[in-house]
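**Student:** Listed here are the chains, written in short residue letters.
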Amino acid sequence: MNVAVRRRETWAAVGFLSPWLIGFAVFMAGPMVASLVLSFTDYDVLTSTDFVGGENYRQLLADPKVRSSIANTLIYTALHVPVTMVVSLALAMLLARVGRRSAGFFRTIFYLPTITPKVAVGVLFLLLFNGQVGLVNSALGSVGIDGPNWTVDGPWIKPGLVLIGAWSLGSTVIIYLAALQNVPRDLYEAAEMDGASRWATFRAVTVPMISGALFFTLIINTIASLQTFDEVYTAFYGSANQQTYGNDAALFYVVYLFQQAFQFLHMGYASALAWLLFVIIVVITVVQVRLSRRFVYYENE
Amino acid sequence: MFIRLIRFAVSGVLVLVLAAGCGGVGKSSSGSGDDAAATLTMMGFGTGDEIAKTRFDKANAAIAPSAAKASEGSFDAQAFLSAVASGTPPDLVYMERRLLGTYAAKKAIMPLGDCVEREKIDMSQFRAAAVTEATLNGQLYGLPDFYNNRVLMLNDAAFAEVNLDPSGFDTGDWQALSTAASRLTKVSGGKLQRIGFDPKIPEFLPMWARANGAALVSDDGRTAQLTDPKVVEVLEYTVGLINEQGGWSNFKSFRDSWDFFGAKNQFASNQLGAFVMEDFYLNVLAANSPKAKVSVAPFRGVDGQPVDWITGNAWAIPAKSPHADQACKWIKTMTDSETWIAAAKARAEVRQKENKPFLGVFTGNQKADEVIFREHVKPDPTVQTVLKAQESGFSEPALAAGEEFKAAWQNAVSRVLEGKQKPAQAMAEAQQQAQAALDKANSGS
Numbered sequence: 001m002n003v004a005v006r007r008r009e010t011w012a013a014v015g016f017l018s019p020w021l022i023g024f025a026v027f028m029a030g031p032m033v034a035s036l037v038l039s040f041t042d043y044d045v046l047t048s049t050d051f052v053g054g055e056n057y058r059q060l061l062a063d064p065k066v067r068s069s070i071a072n073t074l075i076y077t078a079l080h081v082p083v084t085m086v087v088s089l090a091l092a093m094l095l096a097r098v099g100r101r102s103a104g105f106f107r108t109i110f111y112l113p114t115i116t117p118k119v120a121v122g123v124l125f126l127l128l129f130n131g132q133v134g135l136v137n138s139a140l141g142s143v144g145i146d147g148p149n150w151t152v153d154g155p156w157i158k159p160g161l162v163l164i165g166a167w168s169l170g171s172t173v174i175i176y177l178a179a180l181q182n183v184p185r186d187l188y189e190a191a192e193m194d195g196a197s198r199w200a201t202f203r204a205v206t207v208p209m210i211s212g213a214l215f216f217t218l219i220i221n222t223i224a225s226l227q228t229f230d231e232v233y234t235a236f237y238g239s240a241n242q243q244t245y246g247n248d249a250a251l252f253y254v255v256y257l258f259q260q261a262f263q264f265l266h267m268g269y270a271s272a273l274a275w276l277l278f279v280i281i282v283v284i285t286v287v288q289v290r291l292s293r294r295f296v297y298y299e300n301e
Numbered sequence: 302m303f304i305r306l307i308r309f310a311v312s313g314v315l316v317l318v319l320a321a322g323c324g325g326v327g328k329s330s331s332g333s334g335d336d337a338a339a340t341l342t343m344m345g346f347g348t349g350d351e352i353a354k355t356r357f358d359k360a361n362a363a364i365a366p367s368a369a370k371a372s373e374g375s376f377d378a379q380a381f382l383s384a385v386a387s388g389t390p391p392d393l394v395y396m397e398r399r400l401l402g403t404y405a406a407k408k409a410i411m412p413l414g415d416c417v418e419r420e421k422i423d424m425s426q427f428r429a430a431a432v433t434e435a436t437l438n439g440q441l442y443g444l445p446d447f448y449n450n451r452v453l454m455l456n457d458a459a460f461a462e463v464n465l466d467p468s469g470f471d472t473g474d475w476q477a478l479s480t481a482a483s484r485l486t487k488v489s490g491g492k493l494q495r496i497g498f499d500p501k502i503p504e505f506l507p508m509w510a511r512a513n514g515a516a517l518v519s520d521d522g523r524t525a526q527l528t529d530p531k532v533v534e535v536l537e538y539t540v541g542l543i544n545e546q547g548g549w550s551n552f553k554s555f556r557d558s559w560d561f562f563g564a565k566n567q568f569a570s571n572q573l574g575a576f577v578m579e580d581f582y583l584n585v586l587a588a589n590s591p592k593a594k595v596s597v598a599p600f601r602g603v604d605g606q607p608v609d610w611i612t613g614n615a616w617a618i619p620a621k622s623p624h625a626d627q628a629c630k631w632i633k634t635m636t637d638s639e640t641w642i643a644a645a646k647a648r649a650e651v652r653q654k655e656n657k658p659f660l661g662v663f664t665g666n667q668k669a670d671e672v673i674f675r676e677h678v679k680p681d682p683t684v685q686t687v688l689k690a691q692e693s694g695f696s697e698p699a700l701a702a703g704e705e706f707k708a709a710w711q712n713a714v715s716r717v718l719e720g721k722q723k724p725a726q727a728m729a730e731a732q733q734q735a736q737a738a739l740d741k742a743n744s745g746s
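Just so you know, the sequences run in chain order H and G.
Residues 1 to 301 (the working numbering) are what the first sequence spells out, left to right.
Residues 302 to 746 (the working numbering) are what the second sequence spells out, left to right.
Keep in mind the hints are simulated off the structure, nothing from the lab.
Among these hints, one or two may not hold up.
Below, in silico cross-link-like pairs of lysine-lysine (DSBU-like), each with a Cα-Cα straight-line distance of 35 Å or less [stated by the list, open to error]: (1) G:K654 to H:K65; (2) G:K723 to H:K65; (3) G:K741 to G:K531; (4) G:K723 to G:K741; (5) H:K118 to G:K407; (6) H:K65 to G:K741; (7) G:K630 to G:K408; (8) H:K118 to G:K359; (9) G:K594 to G:K354; (10) G:K354 to G:K657; (11) G:K621 to G:K407; (12) G:K354 to H:K118; (13) G:K370 to G:K646; (14) G:K370 to G:K408; (15) G:K407 to G:K501; (16) G:K492 to H:K65; (17) G:K359 to G:K621; (18) H:K118 to G:K370; (19) G:K421 to G:K354; (20) G:K354 to G:K741; (21) H:K65 to G:K354; (22) G:K565 to G:K354; (23) G:K407 to G:K646; (24) H:K65 to G:K689; (25) G:K689 to G:K657; (26) H:K65 to G:K646; (27) H:K118 to G:K668; (28) G:K668 to G:K370; (29) G:K646 to H:K118; (30) H:K65 to G:K531; (31) G:K679 to G:K723; (32) G:K594 to H:K118.
Negatives, chain H to chain G, calculated, CB over 10 Å [to be verified]: (33) V45; (34) T47; (35) L126; (36) V162; (37) D186; (38) L187; (39) G246.
Note that the coordinates shown come from a computational prediction; the quantities given were computed from them, not determined experimentally.
From the three backbone atoms N, C-alpha and C, an ideal C-beta is built for every residue, glycine too.
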């Protein structure tokens, strides 16, 4: 290719990317660098900011609430991500079977709850999962199961939140549906000719062919779960009255970070907490990417 | 074509940057000096009802041709911090008195000594407990607004059902209280149908401590006293009350299911025997379930004396308020007895038109209350009980780390309620956290 043409095309690419590049620099990279610097200070917004070295990081290693909130968040993630992926895949496979016309309708129906604000989902959780009068326990009661107090009993809070998470799995369903529709028909025909069972077809054809989408949703859902905030905060910390009963089992990492920053005004410490979460997410994502090389199939490989 | 595209992209980003830079609380629209007609900005106050509206209009008239502009919603720490940090603080801020200490210790709001002196504000009109709550290290940081009392509210129907006399219900006699609570509790099919007595812990622990002759924090607000044996003792007792009524998990789940602000509230639905609550709730009950008979009684300490824990909001002026002088004049008028009386009169008229009773308005201004209850409120035993309770009002002192202090003891109580820790152990842990937070926050002052 002609050098001049190539140069012009490079500039064109940069031009098209520039809104994002500048936006990233101003709104993402800038604040990130600022928070990294602040994590080494005792910044509280209102008074003078002093450099405190690694004090915030030393403090967070010794803070029992950091440990318990990380544990809460990891347990939730370990439950939420597989449940979301399995249920979404099952729904997407159902959707893939319905006719083209009704597919559009059902796609919309499944996606609609995702549009609900997370704050509303938090309130919905309290209503549906109330141990005494909630719909969930009424349903369980009708089949003879005496349901737990999901919103008060420590051990049941995270399973309850995982279940309410199903409210917003629409986007994962849509991604899987698109992936399923891209699996070449001839592969299924070949499997059928070979007399493969449904399960064998699913394992040997469907899963490998949509492994890219599975991997993508694994990463995205893991990161989102580790950053869970809105619905938990609304349900358990949204008002002064709720805070009064703040249940340790619902103290997720970002909720604790928010409390430190905006309730206790420990912005420096909160910045350090944010960077610890960043490192945790990077490590988990790198591990997932490494493992994915064995399982994910890309068409151009 | 290509150049034009780049120009377009860059200008788009510039618009974004500029738009973002314009967020937050705007500076006054006209004039920067205190003499010119200015628009005062505020946070945390809306003119939702006739009381707020009447007072707001009077306060604005006092600074004419300048005027304050009401905000929406209650005080939001995040919004306030952003405004202060970006150098555009509001002129006025309306927040809970218990929060003042934190912002005062960090010098985000100004001491009002000069303001009181300059505007000759009559401090004797305010109730002492409200002033205490707004005072840190001897300096006043807010003018008291409402005065929220806490009294016992008893469900007459439930008492009649179990043959108990509401007038004999006494929180000072713990033995008798436990017995009454058990009798009032109703369980059916293994499910709680009625809570006998809700002691409202964690949130009302300061009141229970006071009732047992203790305080969670020293009068100067610098020393946590969470391990005081009397605090631990009252915590043990109140947790025991809840455990006897089905345990925390069932108790709380059942309570969460109440239609608290609706017509089918726990009194109308006979789901509660008695609880201790802020006085505003009497107005909620009067408006939503006027037929439900509710008796009101003072909350008593073990010595038999009434105990009334007071909280409420206050008006403060941010340290860098662009129009501090006018803001001072404005809050003076807002909290003045004449203003309150005019507001109460407006509310009484509205209630009369609706053919509903007017139970008065409990303010941090003693002079206002005297006139309001003498001239605008019909004598009523409920109102008399609250007025009587006011005489024994106490408040927590302002704390430099109020939020952390509160989180420490509330989390401790929650751990005990969930059965994770024993009271003494939980309070010992809370004591350490609370004292560390107080020490750190006070080290700068």
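**Student:** Are the hints correct? Go through all of them and say.
**Tutor:** Okay, the hints, checked on the actual structure:
Between K654 (chain G) and K65 (chain H) the alpha-carbon distance is near 54 Å, which puts this suggested pair outside the 35 Å criterion. Among the hinted pairs, K723 (chain G) with K65 (chain H) is consistent with the structure: their alpha-carbon atoms are about 19 Å apart, no more than 35 Å. The hinted pair formed by K741 (chain G) and K531 (chain G) meets the criterion: a straight-line CA distance of about 26 Å does not exceed 35 Å. A distance of roughly 28 Å separates the Cα atoms of K723 (chain G) and K741 (chain G); the hinted pair therefore holds under the 35 Å criterion.
The hinted pair formed by K118 (chain H) and K407 (chain G) meets the criterion: a straight-line CA distance of about 34 Å does not exceed 35 Å. Only pairs whose Cα atoms come within 35 Å are accepted, and K65 (chain H) paired with K741 (chain G) is accepted, the gap being roughly 19 Å. Distance hint between K630 (chain G) and K408 (chain G) is fulfilled; the C-alpha atoms sit about 21 Å from each other, no more than 35 Å. Between K118 (chain H) and K359 (chain G) the CA atoms are separated by roughly 41 Å; this puts the pair beyond 35 Å, and the hint is violated.
Distance check on the hinted pair: K594 (chain G) and K354 (chain G) sit about 32 Å apart at the alpha-carbon level, within 35 Å; holds. Restraint check for K354 (chain G) and K657 (chain G): the C-alpha separation of about 20 Å stays at or below 35 Å, so the hint holds. For a cut-off of 35 Å, the pair hint linking K621 (chain G) to K407 (chain G) stands: about 13 Å separates their Cα positions. In summary, the hint linking K354 (chain G) to K118 (chain H) is supported, as the alpha carbons are separated by about 34 Å, within the 35 Å threshold.
The suggested pairing of K370 (chain G) with K646 (chain G) holds, with an alpha-carbon distance near 24 Å, which does not exceed 35 Å. Proposed proximity of K370 (chain G) and K408 (chain G) is supported: the alpha carbons are some 24 Å apart, at most 35 Å. Taking the CA atoms of K407 (chain G) and K501 (chain G), the gap is about 32 Å. The hint holds against a cut of 35 Å. With a CA separation close to 34 Å, the supplied pair K492 (chain G) and K65 (chain H) stays within the 35 Å bound.
Taking the CA atoms of K359 (chain G) and K621 (chain G), the gap is near 25 Å; set against the 35 Å cutoff, the hint holds. Between the alpha carbons of K118 (chain H) and K370 (chain G) the distance comes to roughly 31 Å, so the proposed pair stays at or under 35 Å and holds. With a C-alpha separation of about 25 Å, the suggested pair K421 (chain G) and K354 (chain G) falls inside the 35 Å cut-off, and the hint holds. Simply put, K354 (chain G) and K741 (chain G) have alpha-carbon atoms about 41 Å apart, too far for the 35 Å limit, and the pair is violated.
About 44 Å separates the Cα atoms of K65 (chain H) and K354 (chain G), which puts this hinted pair outside 35 Å; it is violated. The hinted pair formed by K565 (chain G) and K354 (chain G) meets the criterion: a straight-line CA distance of about 30 Å does not exceed 35 Å. The straight-line distance between the Cα atoms of K407 (chain G) and K646 (chain G) is roughly 39 Å, outside the 35 Å bound, and the hint therefore fails. Between K65 (chain H) and K689 (chain G) the alpha-carbon distance is near 44 Å, which puts this suggested pair outside the 35 Å criterion.
At roughly 23 Å between alpha-carbon atoms, K689 (chain G) and K657 (chain G) fall within 35 Å of each other, so this suggested pair holds. For a cut-off of 35 Å, the pair hint linking K65 (chain H) to K646 (chain G) is broken: about 51 Å separates their Cα positions. At most 35 Å may separate the alpha-carbon atoms for a hinted pair to count; K118 (chain H) and K668 (chain G) exceed this at roughly 47 Å. This hinted pair checks out: K668 (chain G) and K370 (chain G) have alpha carbons roughly 28 Å apart, not beyond 35 Å.
A threshold of 35 Å between alpha carbons decides the hint, and for K646 (chain G) with K118 (chain H) the separation of about 43 Å lies outside it, so the pair is violated. The hinted pair formed by K65 (chain H) and K531 (chain G) meets the criterion: a straight-line CA distance of about 28 Å does not exceed 35 Å. A threshold of 35 Å between alpha carbons decides the hint, and for K679 (chain G) with K723 (chain G) the separation of about 48 Å lies outside it, so the pair is violated. This hinted pair does not check out: K594 (chain G) and K118 (chain H) have alpha carbons roughly 39 Å apart, beyond 35 Å.
Once the 10 Å rule is applied to beta carbons, V45 (chain H) is inconsistent with being away from chain G; the minimum gap is 5 Å. Not every CB of chain G lies more than 10 Å from the CB of T47 (chain H), the least distance being 5 Å, so the non-interface label is violated. The claim that L126 (chain H) lies off the interface is violated: its Cβ sits roughly 7 Å from the closest Cβ of chain G, which falls inside the 10 Å cut-off. The claim that V162 (chain H) lies off the interface holds: its Cβ sits roughly 19 Å from the closest Cβ of chain G, which is beyond the 10 Å cut-off.
Taking the minimum C-beta to C-beta distance to chain G, about 42 Å, the non-interface status of D186 (chain H) holds against the 10 Å cut. With a closest Cβ-Cβ approach of about 42 Å to chain G, L187 (chain H) is found to remain outside the 10 Å limit, as its non-interface label requires. Distance check on G246 (chain H): its Cβ comes as close as 6 Å (rounded) to a Cβ of chain G, failing to clear the 10 Å threshold; non-interface status is violated.
Going through the hint list in order, the structure does not satisfy hints 1, 8, 20, 21, 23, 24, 26, 27, 29, 31, 32, 33, 34, 35, 39.
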